[in-house]
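Visitor: 26 is the number that UniProt numbering gives to position 26 of the sequence shown; each next residue is one higher, with no gaps.
By construction, these hints were calculated from the structure, which means they are not laboratory data. Mixed in with the good hints there might be a few duds.
Between beta-carbon pairs, the in silico distance windows are [unchecked claim]:
#, residue 1, residue 2, range
1, Cys28, Leu393, 15 to 25 angstroms
2, Thr476, Asn207, 16 to 26 angstroms
3, Ala528, Thr172, 35 to 45 angstroms
4, Ala436, Glu56, 14 to 24 angstroms
In silico SDA-like cross-links for lysine to any residue, where the CA-CA straight-line distance does not exceed 25 angstroms [stated by the list, open to error]:
#, residue 1, residue 2
5, Lys124, Ile184
6, Lys167, Val75
7, Lys183, Ser69
8, Lys124, Leu387
9, Lys34, Lys148
10, Lys183, Ile371
11, Lys148, Thr476
12, Lys459, Ile371
13, Lys439, Phe455
14, Lys439, Phe33
15, Lys459, Ser473
16, Lys34, Asp425
17, Lys444, Asp434
18, Lys148, Ala537
19, Lys563, Asp149
20, Lys496, Gln508
21, Lys444, Ala59
Positions of the beta carbon are idealized from the N, C-alpha and C atoms, including for glycine.
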Amino acid sequence: MKLTIWASFGLVALISVQVTNAFLFPSCSNIPFKPGCTNTPSLVSPTLPACPLPFEQWATAARAAPGNSPRPNGVIPTWFNQQLALRGQQVTSEYRFPWYIVMFFGLLIEINMPDIRNPIMFNKKNTNGPDNARRDIATIMQGLVWTKDYFYRLPVEGHSSFIVSIKNVRATHIDVQTRANAKIASTGCIITPDEYENQATNDALWNAFEWDIGNSSIPLSQRTESPTNWLTCPPETDCGSCGGCANCVPVYNFENCTGVNNVNCTVLNTTCTDYLDEPCISGSVNCTCVYEYNLPEPECIQANENCTIVQTNCTDCSACGAATCTQNAVPACQYMQPSTYHCDTCICDPEEENCGQCETCTNSTSCLSFIPPLYNQQGMNLVLYNLIAYPILFSQDLAINACDADLWAFNHLWASIGYALGIDDQYNVMLQPDLASAKVYYNKIFDNIIIPGLFSFTKQTRLMMDNVFKGLSTATAGFLSPTFLLHRFVNNFLNKDAPRLQALMSVQELALDQAFDFAYIPQFMNNAIYRAFLNAAINDYSYSASALLFPGNCTSYTTISQKCFVY
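Hey, can you work out the whole structure from these sequences and the hints?
Guide: This is the structure in structure tokens:
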């Protein structure tokens, strides 16, 4: 297998083919352009859907909406353009090799998103190299059906491997969702830290990766926490349930006023300046409450009849934070609820003898007012986004030489697949009026979600990606190494240098890295014969690997759509 792949990179030195410009750069699709969606409500029709929510709304609304939406009328949308989708399949097939590279880049990103990572980890199909290899090959083979069971006619129930595959993928998602929700209902968690905390990760690799992106020119504005990683806010009432203050110190309206001998010198209010997880009990040694009186303290010293307490202050108490408040906490896993609320001002209630209630409860970081459902609309979109947006946004870096008309067809194909899998039109980011609008929307996701997410890799992400790497190594007989792949990710995806990762690379990895830049990319972009050869090689390899991992179950589009799955 190594020789086969290396031979494909060496074609630049072995063959020299002169072809015409028309052959090198095949003509674009001549399918008449039709808008993919409309932002004008009066123009919406079964064949012209409404465009998705603006990104600023979509970023949180899509995460709150359940995915896997039922398709009682079939998985083919009414706005499906058969000719355009067919051309999209052909474009995917023509650039299959870089599309598989994009598939890996997508894994690196999406596995760091809790809504995607946790169902995968729960399903325990990523615990080692062989398991990951089976899962990855099964995914590749279903993608093969979606893009090569060509739409020469409209897909019809009972006569389409595409439809059978989509339905079985949907059934797998729903099964995992049902089992995971049952676990959450019984235990409050889908994944607990003890399932991964004690497992070793390749920290040398990940530390180098994080150092390289941390010391890159990525602006600070793109290093804030990604909305995909925002946790669920604890209820604001948690601040109110945080402890009390026992010893309230009066503040009189006169300096040094004690108020002992003045009948009008009374406590009007108490303020807790620090907080304790217990009721405010007079005489407590844990804290001191400062009182507010109604007169200045100097008058109170003289036992003025108008001397009263205008304020109380609580001092010497423990911190008030949601971490110590459990009675109103959301029954969920740690990753779903941050301890971020704190009291801006605490007040004392003399009647209840409690000086620890929050007057204002403020959250110190971005968080959600809801618990994201499993397989929500955002997560399902982002799995597909990684496969569609990068070939459109970074086509040159990925050696994709498709024209805009072909990229538009490619985009329509995947908008249709998104619908089939259960993404609703109002959240389907692949539904765009035109390619230019798609690029704008995709760039917003890239800048505000994808890049920020790279700066918050967790132990779970490291562990799962280590297993993905083991799976790729198993599937490619060691040809694709973790260091090489991460280095290409930073170079091709982020367009940044990666000196720490490069320092970890072997001589063979460095040679392969050079081959990508100086042989693969220019040849694949400009030489149709080279492109066809490499696509055929990766296609043959996929079938060979699936035959080993799924004996007899991945021999044709029919068997792939029915049996080539990891359940």
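Visitor: Keeping to a limit of 25 angstroms between CA atoms, is the pair of Lys439 and Phe33 held or broken?
Guide: holds, 17 angstroms
Visitor: Should the hint that Thr476 and Asn207 are 16 to 26 angstroms apart at their CB atoms be regarded as holding?
Guide: Holds - the Cβ-Cβ distance for Thr476 and Asn207, about 25 angstroms, lies within 16 to 26 angstroms.
Visitor: Is 14 to 24 angstroms right for how far apart the beta carbons of Ala436 and Glu56 are?
Guide: holds, 19 angstroms
Visitor: For the pair supplied as a hint, Lys459 and Ile371, confirm whether the alpha-carbon distance does not exceed 25 angstroms.
Guide: holds, 22 angstroms
Visitor: Return holds or violated for the Cβ distance of Ala528 and Thr172 against the range 35 to 45 angstroms.
Guide: holds, 37 angstroms
Visitor: Would you mind confirming whether the straight-line C-alpha gap from Lys34 to Lys148 stays at or under 25 angstroms?
Guide: Satisfied, since the Cα-Cα distance of roughly 24 angstroms is no more than 25 angstroms.
Visitor: Does the alpha-carbon distance linking Lys148 and Ala537 stay inside the 25 angstroms limit?
Guide: holds, 16 angstroms
Visitor: For a C-alpha distance cap of 25 angstroms, please report whether Lys496 and Gln508 respect it.
Guide: holds, 21 angstroms
Visitor: Measure nothing beyond the straight line between the CA atoms of Lys148 and Thr476; if it is 25 angstroms or shorter, mark the hint as holding.
Guide: With Cα atoms ~23 angstroms apart, Lys148 and Thr476 stay inside 25 angstroms; holds.
Visitor: Between the alpha carbons of Lys124 and Leu387, is the straight-line distance 25 angstroms or under?
Guide: Satisfied, since the Cα-Cα distance of roughly 23 angstroms is no more than 25 angstroms.
Visitor: Taken at face value, is the distance from the CA of Ser69 to the CA of Lys183 at most 25 angstroms?
Guide: holds, 21 angstroms
Visitor: Lys124 and Ile184 were given as a pair; does the straight-line alpha-carbon distance stay at or below 25 angstroms?
Guide: Holds. Lys124 to Ile184 sits at ~16 angstroms (cutoff 25 angstroms).
Every hint from the earlier list agrees with this structure, and none is contradicted.
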